[in-house]
Amino acid sequence: MAQDIAKISWRQLLANPIYLLAFGFGSGLASRAPGTFGTLPALPFYWWIQDWPLFNYVLLVLVLFLIGIWVCHVTARDLEIKDPAGVVWDEFVGFLVTMIAAPSGWGWVLGGFILFRLFDIWKPWPIRVLDRRVSGGLGIMLDDVVAGIFAALVLAGFEVWIG
1 MAQDIAKISW RQLLANPIYL LAFGFGSGLA SRAPGTFGTL PALPFYWWIQ DWPLFNYVLL
61 VLVLFLIGIW VCHVTARDLE IKDPAGVVWD EFVGFLVTMI AAPSGWGWVL GGFILFRLFD
121 IWKPWPIRVL DRRVSGGLGI MLDDVVAGIF AALVLAGFEV WIG
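For what it's worth, the UniProt record's numbering labels the leading residue of the sequence shown as 1, then goes sequentially.
Hint data in this document are derived by calculation from the structure and do not stem from the laboratory.
Errors might be hidden in some of the hints.
[To be verified] No more than 35 Å apart at the CA atoms, straight line, and that leaves these computed lysine-lysine pairs for DSBU-like: (1) 123 with 82; (2) 82 with 7; (3) 123 with 7.
None of these values were measured; they are calculated from a predicted model.
Just need the whole structure built from these sequences, with the hints factored in.
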């Protein structure tokens, strides 16, 4: 479970590219709802890649996930906090997972954003189990990716239902 936001400054973020990525280019420094604010930078990035071929999109998300394991591990280790709330690279990637096969349009993006944040905050089984039992960078990343998968499935269900 995410812990208190570490005391880290803009100066430290700008001096360390790993921290800059981990803290979502500074969005994770928000004093309230850092996960929600940390998901916001994923929106313009998603708009840029949404029309990529599915294979390329999935490959990019996989690369970002692997980078995230390392970035989140190093940052959590350096800050001596298991899962710093301000580390939001996992939210960035989790949202992209949510949107992997989503239709185009602002409504779908908004729905994906809300669903992802709900699953990430609520943490139903097995997300909560992963959050508690898997440690390090993998643990930080994995619960958000699974939350993204859950949100993607619900979004796909809405798409089928709406027609």
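Going down the list of hints, with the structure as the test:
no. : hint        : verdict
1   : 123 with 82 : holds (17 Å)
2   : 82 with 7   : holds (14 Å)
3   : 123 with 7  : holds (26 Å)
In this structure, none of the earlier numbered hints is contradicted; all agree with it.
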